[in-house]
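K.L.:
Chains R and Y are the protein sequences, given in the same order.
Under my numbering, the first residue of the first sequence is numbered 1, with each subsequent residue one higher.
Under my numbering, the first residue of the second sequence is numbered 1001, with each subsequent residue one higher.
A hint or two may mislead.
[To be verified] List of simulated lysine-lysine pairs, DSBU-like, C-alpha gap at most 30 Å:
hint, chain 1, residue 1, chain 2, residue 2
1, R, 115, Y, 1219
2, Y, 1012, R, 209
3, R, 53, R, 110
[Stated by the list, open to error] Derived coverage of chain R by chain Y (criterion: at least 3 residues anywhere in the stretch with Cβ under 8 Å from a Cβ of chain Y; other residues may be distant):
hint, stretch
4, 56-66
5, 103-109
6, 151-158
7, 175-189
8, 197-208
Derived by calculation from the structure, the hints in this document are not laboratory data.
Note that the structure is predicted; figures quoted are calculated from it, not measured.
All C-beta atoms, glycine included, are put in the ideal place defined by N, C-alpha and C.
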Amino acid sequence: MAMGTFKVWRGDREKGEFREYKTDVSEGMVVLDAVHQIQAESAIDLAARWNCKAGKCGSCSAEINGMPKLMCMTQIADLPPGETVTIEPMKAFPLIRDLVTDVSWNYAVKKTIKKFSPRKPDAPDGTWRMQQEDIERVQEFRKCIECFLCQDVCHVLRDHHQHAEFMGPRFFVYTAALDMQPLDTEERIEHLKGEGGIGFCNITKCCTKVCPEEIKITDNAIIPLKERVVDEFYDPIKKLFRVFGGRR
Amino acid sequence: MPRVDVPLARLKFAQTQRRDMWWVAPLVVFTILSSFIGYATWAALQNEHYSWGPYLSPFYSPLLFASVGKSWFGKPPGWFPHWMSPAMLILGIPAGFRLTCYYYRGAYYKAFWADPPSCAVGEPRKSYLGERSFPLVIQNVHRYFLYLAIIFIFILGWDVWEAMWWPDASGTRHFGIGLGTLVLALNVGLIASYTLGCHSLRHLVGGWMDRFSGRPVRKAAYDCVSCLNRRHMLFAWCSLFAVMGADLYVRLCSMGVINDWRII
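Chain R extracted, bound-state conformation:
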């Protein structure tokens, strides 16, 4: 068993600092295990949010060696051996304490997006019929666990603090899941361009890079939505097609 050194951010909204902790690390350990050991051995008041420890609840989001990651899915063996591991809270959201941030802004943003609104049922018993090939594209977006790592790494929120004008990659994925749903009848493109601020995205693909569910956020959600915005607002020829043909 080897000794690992961890620099963990300790503090609240007013002030904070990195504090160094040492703890035993063994094969198969993840960063969340180390945090729990540090809590048990030397920092009983260290605040860290977690739940499933299986990469499915999205609670233990943090920044490990500067990159947004789930603590429960980051193997210590995958980090540079012998080096101090830094663990910080997410930077795009207000800090509550230590590694815990207030992500409630995300839930408020979600409420601004028009809900799923299906067409009339296909059958008299009130059910619908769909083909697998129609729903495949949307199924990828349903994998999202709302860990908000994509929101944290997005420079529009992280560096420019455009929370008031930009909904962030998570909610572009959410909008795509609704807007590309074959049963849905609602229009969300105007909201995307206006309140959603999709034009702020400059396609850095950082959101895709950090997604623990490996959703191709930029290629499969954001860019297709940007193209729908172009159809609606920037392409005169497409506008003509829409007038004389059907939208979908």
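Please arrange chain Y on chain R, whose structure you already have, making use of the hints.
P.N.:
Relative to chain R, chain Y alone:
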């Protein structure tokens, strides 16, 4: 959007806890793109050594005007400034296509504008407008460059066909393949793979629809473009090197620096 009531700390330029060499990728992109722009500008200004035998440099194709040899519209008209080369008339189209390409946008915003320098690394500027206002809102013109870029695939394909017909002393053309023919064919193959994997094309062939069932042609087209789109970055770089390599090959043959290898 709802407001966040607690002010967040602003990160300084290049501030990060990342330990990896995050600066390597933007530096490589900066170096390659700068070199390409430098070479392409130099080649476009030369106005010579752009053809050899049946080969035509892709930087000069379509050849609209030429003082000597075959061109679409013959000799340059009187109004055509003597310092301009025919390449300068057409290079704006592939350049515009790449400049507004979704992949390149992400790459050069990082490499040339540090916006951001890399993921989770602090930026040099506080203000940010993104692509929703002038000038970057112009990036939305990408699909129009796509339409023109697709025409270029056919033109470059025709150049490959022409590169298989070698004139003899009497002017009669005979079938033959040289290494240059293969270089030009590889170039058009990679450019086609890059162009046909475009995000805008993916949208236009079917991405705008929510239902594919009952539309097998649409579905097949969408799947094909999606397949190329998954390797869009790879083809973006390979085609960039290929077009530069094809021009260099024709140029060096024309200058007599290298001899073309006649295969058939």
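K.L.:
For this structure, which hints from the list above don't hold up?
P.N.:
none
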